[in-house]
Structure formats: structure tokens, C-alpha cells
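> Here's the letter readout for the chains.
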Amino acid sequence: MRFLHAADLHIGLRVTRFGAETNGRVQEARIASLDRMIRIAQTKSLDFLLIAGDLFDDNHIDGATARRTLELLESVRLPVYIIPGNHDPLTADSVYERPPWSRIGPSSNIIVLRDTNSVAIPGGMLYPCPLTAKNSLDDPTRTILARSPGDSAIRIGLAHGSLNDRPNLPPDDHLIDRHTADMKGLDYLALGHWHSPSRHADRAGVIRTVYPGVHEPMRFRDAPEFGIGWSAYSSASAADNFGDDGRGRALIVEIEHVGAPPVIEEIDTTTFEWRDETFTLRDEADLSTLINDLAHREQRDRQLLRLHLVGTLPASARMRLDELDQTLSGGQGGVLAQYRWFDLDASRLHAEPSDTELRDFAGDGIVRLVYDRLKTETENADARTCEIAKQSLLLLYRFAHEVQQ
Amino acid sequence: MKIRAIEIRNWTCIESLALRDIADGVVVMHGPNQTGKSSLVHALRCCLFDFDHNSSASEILSAIPRRTGETPYVAVEIEIDAQHYRVEKAFAKTKDGFAKLHQQSPAGWNVLAQGKDANAKVREIIGVQKSTSGLFQLMWLEQGEVALPDKLDLQLEKSLEGVLGSMITGRDLAFFAKVTKACERWFTTLMKDSKNSSVSDLQTKLNDALAIRGRIEQDWLAAEKALKEYDEALAQKPDLRRSLDEAEREFDAIAKEREAIAIRRSQHESAAKHHDAEARHVVSAQQQLAEWEKADRKRAKIELELRDAERERDILAERLSVAQAAFAKARETVETEERAAANQQQSRAGIDDRVALLNHVAQAEMLEASLARIREIASRIAEIETKLREFPEVKQAEIDRLRQNREQAITLRAQLQAAEIRIVIEAQQPLAGTITLDADMPIAITLQTDGADQWLIRQKAHLQLGEWANIRIGRVQENLDLEKSARELSELDRIYRDAIRLAGLVADSANAIDHLVARRTDAEAWTKELKKLRDTSNKKAPEGVPAMEAKLCRLHEQAEAVRARRPELREWIANQGEIDELQAKHETAEREAKNRLDEIRESARQADRTVQAEQSAHQKGRDRVIQLAAEFRSATEITARQDHAFLTEAVANASARLAESEKSVRETMLTEEEHSIETRYQAAQNAREQRGRRLRDNEMTLVRLLATLAGTEGLHQNRVQAEQAVNDLQREFDRERLFAESHKHLKTVFEQVRQEQVRRTVGPISDRVMQWTRQLGVADYASLEFGDQLLPGGLNPSNASGMVRFEHESFGTQEQLSILIRLAVGGLLAHGKSMVAILDDPLAHADALKHRRMLDIFTRAAKGEEHGPHPTGPLQLLVLTCHAERFDHLPDAQRIDLAREIKRIV
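Residue numbers (this note's numbering), protein chains in the order written: chain A, 1 to 405; chain B, 1 to 906.
Source of the hints: derived by calculation from the structure; they are not laboratory data.
Treat the hints loosely; a few may be bogus.
These stretches of chain A come out as covered by chain B in the derived footprint (C-beta under 8 Å, 3 or more residues) [stated by the list, open to error]:
| id | region |
| --- | --- |
| 1 | 199 to 211 |
| 2 | 390 to 396 |
Now the stretches of chain B that chain A is said to cover, found in silico as 3 or more residues with beta-carbon under 8 Å [stated by the list, open to error]:
| id | region |
| --- | --- |
| 3 | 220 to 233 |
| 4 | 708 to 720 |
| 5 | 739 to 751 |
Calculated pairs, EDC-like style, for lysine to aspartate or glutamate (alpha carbon to alpha carbon, straight line, at most 16 Å) [claimed, not checked]:
| id | chain 1 | residue 1 | chain 2 | residue 2 |
| --- | --- | --- | --- | --- |
| 6 | B | K744 | A | E377 |
| 7 | B | K178 | A | E402 |
| 8 | B | K747 | A | D372 |
| 9 | B | K395 | B | D514 |
Remember, it's a predicted structure, so these values are computed and weren't measured experimentally.
Here a beta-carbon is modelled for each residue, glycine too, at the ideal position from N, C-alpha and C.
Just chain A, with the same shape it has in the complex (with noise of 0.2 Å):
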């Protein structure tokens, strides 16, 4: 038996943060990362694929999506088995309740598992646990029956939730008996709620529970607090296996019999690169090599990047901080392909000037006695006085330089 397993696509995610060109390319790339997972998966000689659950980011979600997903799908010539997650759950909205998933007929290789009833599947028997609300404290996998004596086929167990392999879970978030596969005698139990992979060996040191991670990722990975407008629907954080880790990826999985070890292969499925990024600049030098570095990276419109500087700059140097926004945003004339996205943060970065530079822009006025005010103010602890110091610095600079020319 060899398959891929899916789990939380989250097609049409909710994204609000990066302006409305890049807001539509970033959910476009969810698309764009199924039709890669499909078209490798069309070269590894499958019996069938999996989706652990939260296939659409929402149930509102428009037509036009769902029909794509499904047509998308339908492309496979696989059997394709569907479990709603805690994100599409099997309520009276659910988009598997409308057209055009409502009107998948029983001749199609789309399966949608509305009911915990078991599926044959090509070499063995499907056990799925589709979920009905967002929130639940049952285990979804409670209704999956042991392994009956005699019972020799291959059984694969299909759900959505948190494994319950740590404290502090919320109880609601659909937790999974961490001993599930052990108990129900599944020789693979494919999940889906976390979005980094996962996976969890059984008594025997097994691994047959698995979480694959989200297909294509949706955050930047070690800054949780930059929120790119989507949130989960459990009440689950985001920190830890919940957050996906920057990659995309499905697995490929073959089991050769019942009780043979599954063999599980990753396959990288990622559109779109995540990058948050840290320079020290201590001079214009430091700069000039930053922006070369950055001018000629590959596939940069294939990357989201939020570029922090930390350091001290002379002030004349800090003018070229333009140079540098002109290189992410593609300018030059538009000689220099652009960032998908970026995000400019030089807030720790200071503009120091020599006392030679202060007299040739600032004189011995009150510009400069402006200029000492300002300094002082962008030591102060409250935030937004800071940031207006900063800011009326910077003017300062600009007005000045005017005047000296």
C-alpha cells in the first residue's frame, strides 16, 4: 500500500497583512503548492491520497476556490479521501454541503467522509473521523473499532486533533488518545491539525502516527508575533507544533503489510520562502555588501522577507538606506527584480553623526541644539516618543541637508 498523506492546506487562507497584490499572491501559492504535491504524486505510483483534515481554511470560503480545489483534485485519477477538519468542519454551512462538493457523485475519485463508517481502500480498510464542529472535547477517533481477532488487513486510521502527548492541551481541541494506534490496532494513523510535522512512535517504537505539516507555509517562523491575519479556530497556540516551521511538504507513505513499519517519505511542496533576517551594519560598507547580497539572491519573488538592521551608521551612510529599500522593492530603474514581499525594520539601527558632519549639516544654531533635543528624546522609554524623536531626526537630517545645498 503506498499513499500520501496531506493535512491542513487551508486553501483560501485567511491573509491580511502584506497589501492586496501580495495578500492574493500568498493565498494563490496554497493552490499553487497542491499542484505541485499532485504532480508529484502522480510520479511516485500511489494507491490513493489522504487529507487529514482542514482541506479549506474556512467554510465560507467563495465558489470559485472551492471549485478549483476540487477540479485541482479530481486532476489526480486517484482515489482522494476527505476528512473535514476542526477549519471545514461537517456542519449544515460546511463547503462540503454545497456545490460544487455536494454534487460529488459516487462515480468520482474524490471521496468526502461525511460519517465515521470504515472505507475499503486498495490493500486494506480506511477508519476515518471526520470532525462536526470547531471545537469538541470527544476524540475524534474514539467511534474507530479495535482490531478484530482474524482481522488481517491493513488498517489505516484518518483524523484531526491535537495528540494528547503533553499537558496543558486545551481539552477542546479534539484531543487523540496518544495510545490510539496501539489500541485500535492501526498500522498507520494519518493526522492533520499541527502544522509542523510530527511524528509519534507506538509501544513498539513504531512510527504510526504521523502529522505531515501544512503543505505550504503561512508565517514567519521565529517571529510568532508578526500575525499575518490568520488565527487557528481551536483555541490551541500557535507556538510549538501548531506553528508550521517555514516549509512545505506532504508525505509519501508505503506499508508493505499489516504490522510492517510504515515507510515515510517527505516531499517539499513550498511556493512561497518565509525569511526573517538580522544584519549587523557597523559601516557604509556593511551596507554597500548587505545591499549587493540582497540584489542578487535567487527566486526573489519567490520570497516574503523581513530584513531587521541592528548597528550604528554615520549619517551620511543612513541616506543610503533608500538604496537599499529601492533594491527590495525592485527599483533602479527596474533593473532589479523585486521581493515578493519585504519589510524594512531599522529601528535598531542608529544614525550617528561625526561632529564634522553635525556642523557641515547642522551649523552651531539652533539646528544643532535641535539635533541634541531629539537625541535625547530617542532615549526615552515611552515608545511613541522614540519613534517620533526618530522620525523628527531623520526630518532633520533631510531639511538640513537641503539647506546646505
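With the hints as your guide, set chain B onto chain A.
Just chain B, lined up with the frame of chain A:
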């Protein structure tokens, strides 16, 4: 610089002046007006700074004394940095003009420079080019100069900056202009938020986006709620279905029971109907029997009453006949008496005609008498009016005027007569000739020998006696008064004659005025009589004589009408006594007849009333008989219709059937439980409908919620887009606001720093001036306001109510503040050096107290302060004044009497 000596010759009005050993500190140079004080200052300015010795400027030419035309000469000895110099200038383009600069050395005065070099060297040593440059701009005041200069001299400004530090640089100003210009993008000139700025625009857009997001979030929450409701409704549905099924089963059982009970109820209702019918039959039979018995009793009773009524009717008919006969007799008597009364009425008309005739005749006679009297009065009125026309009334004033006229004429005439010249000629032989008296025409005269002829003249006379004599007699000088009196007399006589003639009298009559008086008396009497007669006439005939005559005519016609109606009265002579007698007789007869007629009429009316009553009683008797007869017939018919025995049997039969039907009713009656079947049936039906309705409501809710949920497709994307729009706008708004606030902050900090810089820079000036101001007694202000200048423009009040400009202060205060600021600035710049200030006629507008305090300040300023935060140097204050006594409170001051020192050109 200090001035130590001054020597002037031939300068405007000054023939010569030599001042030596001019001291430090305050020097009061006094002298009355026209002494030459201002000329002295002018000479100093020209000599030290403003003009070369060979200048031909108008100021120099005007300094040449007009009377002497001598060359102006000025020499000033000055001390600078402990060096003594002497500047000498003789102002002329000719060889008489020269300039020399001397410097003192232990050996004496050495010439440092001459001519043009001397002019330039002097300016170089003093450090300014003109007397209005540098510190001299502030310290050398012209007479009447009060306000501070609008702008500091550049050299002075630099000097001040050298001492105080820079206030604001050109670069600062350019920077501030740029910041201010940039701020206009978001703020007004007062740095209020502009209504149309990009920040407010973004704020509006952000609010709109937030509103949209809010609406979509509401939709989202509504969808969540709908989903929850759907799940709840779906969970309720099986219970509702089960409950409905139970209700339907219960309803069916009760419905069957109800049908069985309905059959028994029908039987019972039928028995009850039969029982009711039988009961009605019994009642009917009993009623019929009772009615028959009642009718029979009634018939017997009516029969007796009918017989009594018939007897009564006959009696009444007889009584009616008797009454009718009595009424006919009374009616006849009345008619007889009424005819007698009519005859009596004829007699009454004859008496009335006599009375009317008598009245007409009497009134006509009275009217005729009145007419006669009126005609008599009219005749007398005509007579008086004739007299008044003939002899018009003379006014008393006219009479008085004539009397006065005569009195004046007599007086004048007596005066004339007294002054007249009498000419007496006694002729010896007859002579004929003419005589001309005064201005009269010549009169022919004949002189006889018998006696003397005489004339009276006023002025002159001319006597021509033929060939015999031509005599002229006259006054030596004509008496003009006499002529005037003669003319007045003649005028009085003319007026008198005209008045008398106008009154119809002869003027020469001696008693003409008495006649006028008599006539006036008569006229008054006639006028009074005339008024009285007219009043009498009006009273007697107020409507006029024609109306009275018409009335008389009508009276005659009425009398004739009576006579025509009663021929027997044609010859009747009206007699009131006869009429009274006839009237008495007639009234007696009439009264008797009336009494008789009244009695007879009352009897007739009584008889008529008796007839009416008897007729009514008789009619009632007849009606009663008819009614009783009808009732009797009716009662007879009723009793005759049925038989009493038959009716009694019918009652007994009906009672038997009623008993049977009562038994049947009791047998079919429903039990209590059977009676409650309808209530139970209704309750079961309600329960079934209620539960059915609940189930339908549940299904409708599910359908409705499904429809609602079906409409949520795409809500996720809308929510994403709305939030995205809010985020975008929020970021843009935050960025723009930060940008705007940073501009504002930069400008605010700049202004704060500039204020501090100003305060720091001008502090030494401001502190000193405010200290002196308080010493002066002006305590309303806290500080000087400098703006960007080193010279203040006004004062900041202690109550922070805004700057008060100097020109808004009183003239005196303005002058005092101006001097204080000048002394403060001068003191600062004089530190380490020395400076001379010239005040020409200062403090002219200060009151005594402030003047005194200003002198104290002068003393302090002149001494300077070596120590303290802002040390100042000493000043030499040359005060020129025409009021020496006002500066007596300067005990240490040097006093120079210019009136004594200056020799003026006469």
C-alpha cells in the same frame, strides 16, 4: 570712548565755547532754550564722525554763522582705552579748512594725522563711520527721540553677538522655513490639524473600512449563531416528532369514544324534545279551560253593568233637553240688551263730534291771535332796521378819536394864534390892492379909511397897493415850527370834517360830536329792541309764519268736515257746558246698560256651560252602553264556542302523556364522564395541533437557517478582504500620522529651543532692564519680548496675557523704557571699555517720582557693575537739558551752565 573737552567757534549761533575737564559719570549741561545745546551735539557728530573738514554738505554750510560768515571750528578731546586724542576741524573748502588728529603723550600733544588722513584716522580710532553706527545708534539720542530703532545697525548687532552670542543664524531660519512649509501639508498656520490633510483623509477611509469590517464581522457572527441554532433545532426534531405521534394517537382514541357518545346524546335530545312538547300540550289544555271559565264569569258581570248603563243614559238625555232650553232663553235676552247698547253708542259719537268741533274752533282762534301779534312785531322790526340803516351806529372809539382831534386842533390853533403876526393898517385914503398871506394865494383887498384892517400871518405877507405901496412884511428868519404846526392843524381839520360828513352831519356844527353821541345811544337802544322782537317772533312762530297759516287752514277744514257730517251742528255755537252735560248723561246710561249686559251675558255663558256638561255626560253614557254591549256579545260568543266538560278531559289526557315522556328522558340521560367528552376531545385536538405546529416551526427553522447558511458562501473572502483593507489603511494611516506628528514635533522643538536661545542670549539685557523697570515702579511685566531680534519689541505681562508692544504704552513710559534698554545695551558693550551717551533733553514726559527714580538709574548705569552674572562697564552720560533743577538730585554729577559758557553770536 569718553569726551574730555570741547571747543567750538563760529558754529551756527555759537560764537565760542570751551569746555574742559569733562568728568566721568553723569554730566548735566544745562541752559535755557536757544542757548545752543542741540548745536553743540550737532557739532560733536560732525566733527567726530559725519563730515570731513572740506565737506560742502548742507549740514556744514548751514553751520556757518550767517552774520559773520566765519569758518566753523570744532575741537573735541576724547579718551579711548586710556589714550587721549584731540580732533580739530575747521570746516571750509578753502585754505582755511583743516583737520588734525592729535594724541597726547607725556611730552605733550603730537599730531597723528592731518587732512583726509585725520578724518579717516578718527573714524578708525572710534570704530564707526557715522554717528548713527555701532553703539552710537543707541547711545546718542537726538532731542525728542523716544522709540527704539526698528532695526539694529549691523555693526552694533555684531558687537552684541560678540558679547551675548548668536541668536539665530540664517541657516536656522532657512531650516525653519522648510519645516514650516512641510508642515502645511497637515497643519494650519496655528498648527491645528488641517481638515483636508492626508491624515484626516486616511482617517476617514480607515473609519469606513472599519465600518465595513464591522458589518462583515456581524454577518460572520450571525452565521455562527445560525449554525448553532441549526444544530439545536436539528437536535430537537426527533423529540418533537415523537411527541406529535403520541398526541395523534390519543386524539384518535378520544374521537372514537366521542362518536359513540354522540348517538346516545341524540336519543336523549329526541326524548327531551318529546317531553317538552307534551309539557306544552298540558299547559295549553289548562289555559283553554281557565280562559273559558274566566269568559263565563265576565259575561255575567257585563250583563248587569249594561242594564245600569242604559238607565243612566236615559236620565242624562232628559237633563240635556232642560239645559238647552234654558240656554236659548238666555241668548235671546243678551241679543236684546246688545241692540240697546248699540243705540247708546250712536249718542256717544254725537258728543265726540261736538267736542272735536269745539277744539278746532278754539285752536283756530288762538292761532289767528298769534299771527296778528307776529305781523305786528314784523312791522316794528322793519321800522327799526330802516332807522339803523339811515343812522348807522358810530363807534365809541371814533367819537373818542374825534374828541381828541378837536382838542389837539384847539391847542395847535392857540399856539399859532399866539405866534402869529398881526398886521394892522389904518388907511388914510381908500386903497385897493392885493395881499398875499404866507404861502396862500393873493387876495384882493380894499382898504377903507374907517377903521383899521388887520390880518394875521405866520411868516410873511406881501401887500400890493397899486402904485401906492408894495409892502413886504416877514420874519427875519422863517419859523419852521409854526409851519409844521399849521400843517398838522390843517390835517386835523380835514380828518374831522371828513368824519363828520361821513356821519351825515354838518362839520361846522358846534355840537356835531354831541349829535354823534346821541345817535350812538339811540342805535344801541334800537339794536336791543330789534333783538328782543326777533326773539319774540321766533318763539311765537318757531316753524315760521307759513307753517302757522297752513295749520290754521287745516283746522278750518276739519271743523267744516264735522259740520258736514252733522248738519244739526251747522248753526251750533260751540259750548263746553253743553258738552259736559251731554257727556254726563251719556256716561250714566252707558254704565247702566253695560252692567245689565254683563249680567245677562254671564247668565248665558253659565247656561252654555251647563249644556256642554250635560252633552258630555250624555255622550259618555251612550259610549258606555255601546262598549258594554260589545263586550257582552264577545263574552257570549266565547262561552258558546266550547264545552266545559270537553276541556276538562283534554287536560287530564295531556298530563298522562307528559308523565310518560319524563320517564323516557331519564332513561336516555348522559353520565358525567360522557358529558366531559367534548372537553377531552378539544384538549387532545389542541395538543395535537400544538405539537404539529412545533414540528412545523422546527422544520421551518431548519429550512430558514439552511438558507441563511447557504448565503454565507464567500463570507470568508469578504472578511479577509475587509480586514486586509483595514490593515492596509491602518498601516498607511499610522505611517502618515507618524510623519505628520514628527514634522510637528520638529517644528515645536525648534520653537522651544529658539525661545530658550533667545532667553539665554538676551538675558543680560532683559534682566537688567526688568530690574530697573521694577525700580522705576512699573511692576506689571515679567520680561522683555525679543522675537528674533536683539532689541526687544515689547513686554510680556506677569499674567501671561500676551506681549504688549512699547508703542502701546504711554509716551512717558515708552521713553523711559527706551532709555533703560539703551543704557543696558550700552553698559554691556562698555564692559572693559568706556562709552559716552548723549541724552538731549531726556525725560521730558516723566512725572516727578519717575524722574527721580530715573536719575538713580542714571547714577547706577554710569557707575557700571564690575561683578555679577552680567558685568557692565561705566558710562559717561552727557545730559543736555533746559531744566537744570530737575537734575538737582544728582549730587555727584558735573554741572555745566552752557548759558555762561557759550558766547552766542549777536
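> Each hint needs a verdict: does it hold in this structure or not?
Now for the hints, and whether the structure bears them out:
1. 199 to 211: Coverage by chain B is violated for the region 199 to 211 of chain A (0 residues, Cβ < 8 Å).
2. 390 to 396: Per the Cβ count (5), the hint holds.
3. 220 to 233: holds (count 6)
4. 708 to 720: holds (count 10)
5. 739 to 751: Result for this restraint: holds, n = 8.
6. B/K744 with A/E377: Between B/K744 and A/E377 the Cα gap is close to 15 Å, so the pair holds against 16 Å.
7. B/K178 with A/E402: holds (9 Å)
8. B/K747 with A/D372: holds (14 Å)
9. B/K395 with B/D514: With a Cα-Cα distance of about 13 Å, the restraint between B/K395 and B/D514 holds, given a limit of 16 Å.
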